[in-house]
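> Given next are the chains, with one letter for each unit.
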Amino acid sequence: MSNAVDAVMKELADLGWRGFQAVNGLVPDSPSATPGWAPGPLPKSYERSKPPLGWPRETDSLCPRCVIDTRTAIIRGERDVSELVHGHVGEIKAKIQEEDGRLYIRKTCKEHGDFEDLLSIDPEFSRIIEERYPGRDFRTLGDELVHRHGTSTIKYGRGTVLTIDLTNRCNMMCNPCFMDANQVGYVHELSMDDIKEILDASISFKPRRQMTVQFSGGEPTMSPHFLEACRYAKDVGYFNVQAATNGLRFALEPEFAYQAKEAGFDLAYFQFDGVTNNANSHRHITNLFDVKQKAIEVMHAAGIQILPVTTVVNGVNSSQVWPILEYSLQNCDKLDGVSFQPVSFTGRDEEVTDETRRRQRYTISHLAHDLARHTGGKIDPYRDWYPLGAMGAFGALADHLRSLNGPDSASNSFGSVGCSCHPNCGSSVVLVANSKTKVWSTVTQFFDLKQFMKDISVICDSARGKELSMTQILLSFVRNYDQSKAPSGFTLGEFAKLFFYGKLRGAMGKEIHEQDWRILWVGGMWFQDLWTYDFRRTEMCVIPYATQEGEISFCAYNTGVGWRQIVENMHMVAKTKEWFETRGRHQIYAGNKPVPLEPRRKLPVLDAAPVVPPGAYITETG
Amino acid sequence: MTSFGEPAPSQPASEGQTISQLHLRAERSTARKVVTKHRADGADGRWVEMPSWRFYRQVVRVGLYLRERLHIEPGDRVALLSPLRTERLVADWAAVVQGAVVATLDTRLPPETLGHALTQLAPKVTFVPGPAERASLLQLSHPGAQAGPVIAFDSPPADGGAAKAAPSEGKRANADTWAEVLDLGGTLDTAERALKFRAWARSVRPDALALAYTEGSNGTTEWRFLTQGEVLRRIDDFAPRPGDVAYVAAPHLPLSTLLALRAFVGDGRTTVVIGTPGREVEEIAELRPNLLIAPSDIIERAVAPRRLRDSAQDLARTWLKRIRSLGPMRPRSTPQNAADGECLRDVMTLDGTRVVPRNRTTGDAP
Chain V
1 MSNAVDAVMK ELADLGWRGF QAVNGLVPDS PSATPGWAPG PLPKSYERSK PPLGWPRETD
61 SLCPRCVIDT RTAIIRGERD VSELVHGHVG EIKAKIQEED GRLYIRKTCK EHGDFEDLLS
121 IDPEFSRIIE ERYPGRDFRT LGDELVHRHG TSTIKYGRGT VLTIDLTNRC NMMCNPCFMD
181 ANQVGYVHEL SMDDIKEILD ASISFKPRRQ MTVQFSGGEP TMSPHFLEAC RYAKDVGYFN
241 VQAATNGLRF ALEPEFAYQA KEAGFDLAYF QFDGVTNNAN SHRHITNLFD VKQKAIEVMH
301 AAGIQILPVT TVVNGVNSSQ VWPILEYSLQ NCDKLDGVSF QPVSFTGRDE EVTDETRRRQ
361 RYTISHLAHD LARHTGGKID PYRDWYPLGA MGAFGALADH LRSLNGPDSA SNSFGSVGCS
421 CHPNCGSSVV LVANSKTKVW STVTQFFDLK QFMKDISVIC DSARGKELSM TQILLSFVRN
481 YDQSKAPSGF TLGEFAKLFF YGKLRGAMGK EIHEQDWRIL WVGGMWFQDL WTYDFRRTEM
541 CVIPYATQEG EISFCAYNTG VGWRQIVENM HMVAKTKEWF ETRGRHQIYA GNKPVPLEPR
601 RKLPVLDAAP VVPPGAYITE TG
Chain W
1 MTSFGEPAPS QPASEGQTIS QLHLRAERST ARKVVTKHRA DGADGRWVEM PSWRFYRQVV
61 RVGLYLRERL HIEPGDRVAL LSPLRTERLV ADWAAVVQGA VVATLDTRLP PETLGHALTQ
121 LAPKVTFVPG PAERASLLQL SHPGAQAGPV IAFDSPPADG GAAKAAPSEG KRANADTWAE
181 VLDLGGTLDT AERALKFRAW ARSVRPDALA LAYTEGSNGT TEWRFLTQGE VLRRIDDFAP
241 RPGDVAYVAA PHLPLSTLLA LRAFVGDGRT TVVIGTPGRE VEEIAELRPN LLIAPSDIIE
301 RAVAPRRLRD SAQDLARTWL KRIRSLGPMR PRSTPQNAAD GECLRDVMTL DGTRVVPRNR
361 TTGDAP
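Order-wise, the sequence lines are chains V and W. Take the first sequence: its letters are residues 1 to 622, numbered as in the working numbering. Take the second sequence: its letters are residues 1 to 366, numbered as in the working numbering.
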């Protein structure tokens, strides 16, 4: 009976939508609003540009050997950094082409010969991902002082995550480590004034969008300014503050988790390599998984969201892909999904041999097929995966709705989060899971996301008033929802709560409600390395590094020409040896030893407290 | 009227009860968002708040600095020669939580008496308000007077990049200013060091001396001491409730006020507002504190019944100010209705005399 009612609702909503559009299509589109945060009118879907997609295609790339030579020469002072800004150092053309059911990037350097690497093991999957890309964000305006990195300059949009390296010091000694923490012989650590300047500069141009500020490192919680930095990011106006952390500090010092939450810290982008101590052994801590579990417990108790992030290396930990996702599903009350990051050969790994690189290369298409195999097809590579840039459609809808509040409304001081990165940069699947029953499903199993995104484009393009826009959203939402394919116990009402209080409000920077059903994001973010480098991706990066030398594309900073080493050398605060002499050594957990986790005790807050013996370790508020 | 705060005969403290443990529990409770509040210098005079996360981090940083750089051990004396201010509260708390004895020096003492007091006390470090006070203390010529390293809360006026360069780019091991203390104490602000700080705090015994004071301001420098357990027992007399605001206007800090401050800072629930000299009555009307500690003349003006015309003027002034600043428009109380029990529960003069009975709102008499 219930199913019949749902089916009737769906049909009625579909009829309503079609009827509405029959009239709506006869009326010319209303002009788009121009909010104060934007460099121009909100773009219609047909006005959005796209990078060259499909294949075969030619693009601009880098010679893996020339780049390393040039970078080394700049750091030694033999060549000037301005060559990177005004020249085309190491740039060569590359071709992306399909061959034997695989997608390859190939390029030739006159000096160093041919280079080839794998981009996809399933061109059909890659084609679908590119097809679902809705288009770029605005071109940036007034950013000459922030984006000034020659051919690596970011040209589009505002981004989604603003990464700020607080320090290159770390309390672990991993292998691999893309930034060579503790190994480079100098300390690069931002002062609070540096952090303030960087955050102030980040809102100095248009579009001024909401972003997640992600403090990174090294281990960012080792910076003495970590808490102040969280607070200042919120003061500037950003709605979400994250840290890319290994979680050791939270496991060791639960008080710190509470203080961090109070200071504005929202989400731990949490290094997580596997669900056993053995699967973490390459981090050289024998009880690392136990430590991770402790950190999860502590952070969750303090109200900090947690998103595990796993670097996937083929043949090294690719077998952990499903166990990690399964762990997230089982702990979906505490974890918000998983971010898988197929390996990028950078830092110390730039010296990788061709044979090892071929053997260890892992792509988004590998991930999609691995998850399909482990779940018996429940996560379908062709139905369920969307480019990260597809989230830009929801950002556009949020922008449209907020613009209806009037140009001077306080809600218009920032645009919504606008993820519009290149479709080759990453893809994701959205799941719903019940934190009590552990039932889960992909959203796209019961919701026609592709059609919904088309409907959103119609709503934004026609740009009607608030009531008419909301009516269309509701009609589209209901007509694209199929109760017969939804997981057990999941209803349209639950989905509406998740969508309107979660997805859309999240994009608008509002609080997300707690409930049994949770949305989990399973992402694949594939950073470039010197072999896969594509300047069309760099120029529309949405996860820039904010540094003392402006904001630099993630890949241009960590790989590509390697701005990281150049910036850190320019702004190092001390040689490591001098630092240790004046500040003392920090603890590093390594050498295949365990982290000493103390037994847990409960302690009431104030009254009639039991005596705590010296050395006792307290982990929970009573 | 009841008086409290007078030194009472020592009694054995209940076992396990120390200020240090009170601190550890308060730190974990996160029951208050703001620990202290004071007006900024300058024309706008806005309120500056110290959130609890910052307060506790600074306590750890300063504590680590005292312990690791100055090698302060339990029982060592730390002198505070400063009027009430946020940094003073942090320094006091950081020292006492680790078992140091915090001695409050009266800022009104003439140089010779001050020298005599320092000779008796022999502090391992002294905190003063600014560079000028630091310079004069270092020049104190009293025989035997030792203030230890002297740290100024305010930094000297910045000239170019000099202030920024030291100590982060230099190789200094010790600090002259508060900013340097925070920097050097907390640069390696790691879990291990924070845990070490807490382990030290847990190891402090109830019979360890915690507070040194002199009675009156008549020139005597006879030091008296209270242990951790005694301090804790005396501050039990205060009964702040979650969310209480304690307004403290104290040009000098006698024992009763010091105890009250420890009660408010240590309970993890009370916000301490540091009054601005000359603006106390206005601020009390604006903030409607639940607990008030001030000299009797200020209390008289703020709490005693007043003429209707004055009240109306105060009310009008307050409203006009709020309208101008476009702040929240909820009605504010006047000193009168505050004193009538709308929110003010406890009022104490600096010498420890209560002028409004506790539980006024419930009609209980002391």
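Incorrect hints may have been included.
[Said to hold, decoys possible] Partial pick of chain W residues on the chain V-facing surface, computed with a CB cut under 10 Å:
{"hint": "1", "residue": "ARG61"}
{"hint": "2", "residue": "GLU192"}
{"hint": "3", "residue": "ARG193"}
{"hint": "4", "residue": "TRP223"}
{"hint": "5", "residue": "LEU287"}
{"hint": "6", "residue": "ARG288"}
{"hint": "7", "residue": "PRO295"}
{"hint": "8", "residue": "ASP297"}
{"hint": "9", "residue": "GLU300"}
{"hint": "10", "residue": "ARG301"}
I should point out that these hints are in silico values taken from the structure, not numbers from a laboratory. Predicted model, so just to flag it, every value in this text is computed and none were measured. Virtual Cβ for every residue (Gly too), placed ideally from N, Cα, C.
> Each hint needs a verdict: does it hold in this structure or not?
Okay, the hints, checked on the actual structure:
Interface restraint check for ARG61 (chain W): the shortest CB-CB distance to chain V comes to about 8 Å, inside 10 Å, so the restraint holds. Among the interface hints, the one on GLU192 (chain W) holds; its C-beta lies about 5 Å from the nearest C-beta in chain V, closer than the 10 Å criterion. For ARG193 (chain W), the interface hint holds, the least distance from its beta-carbon to any beta-carbon of chain V being 9 Å, beneath 10 Å. The closest approach between the C-beta of TRP223 (chain W) and any C-beta of chain V is roughly 29 Å, which is over the 10 Å cut-off, so the hint fails.
A least Cβ separation of about 22 Å between LEU287 (chain W) and chain V goes past the 10 Å threshold, and the interface hint is therefore violated. Interface hint status for ARG288 (chain W): violated, as the beta-carbon distance to the closest one in chain V is roughly 24 Å, over 10 Å. Given the 10 Å rule on beta carbons, the hint for PRO295 (chain W) is violated: about 31 Å separates it from the nearest Cβ of chain V. For ASP297 (chain W), the shortest C-beta to C-beta distance to chain V is roughly 35 Å, which exceeds 10 Å, and the interface hint is violated.
Using the Cβ-Cβ criterion of 10 Å, the hint placing GLU300 (chain W) at the interface with chain V is not satisfied: the shortest such distance is roughly 34 Å. The beta carbon of ARG301 (chain W) comes no nearer than 35 Å to any beta carbon in chain V, farther than 10 Å, and the hint placing it at the interface is violated.
Violated hints, in rising order: 4, 5, 6, 7, 8, 9, 10; the structure is consistent with all others.
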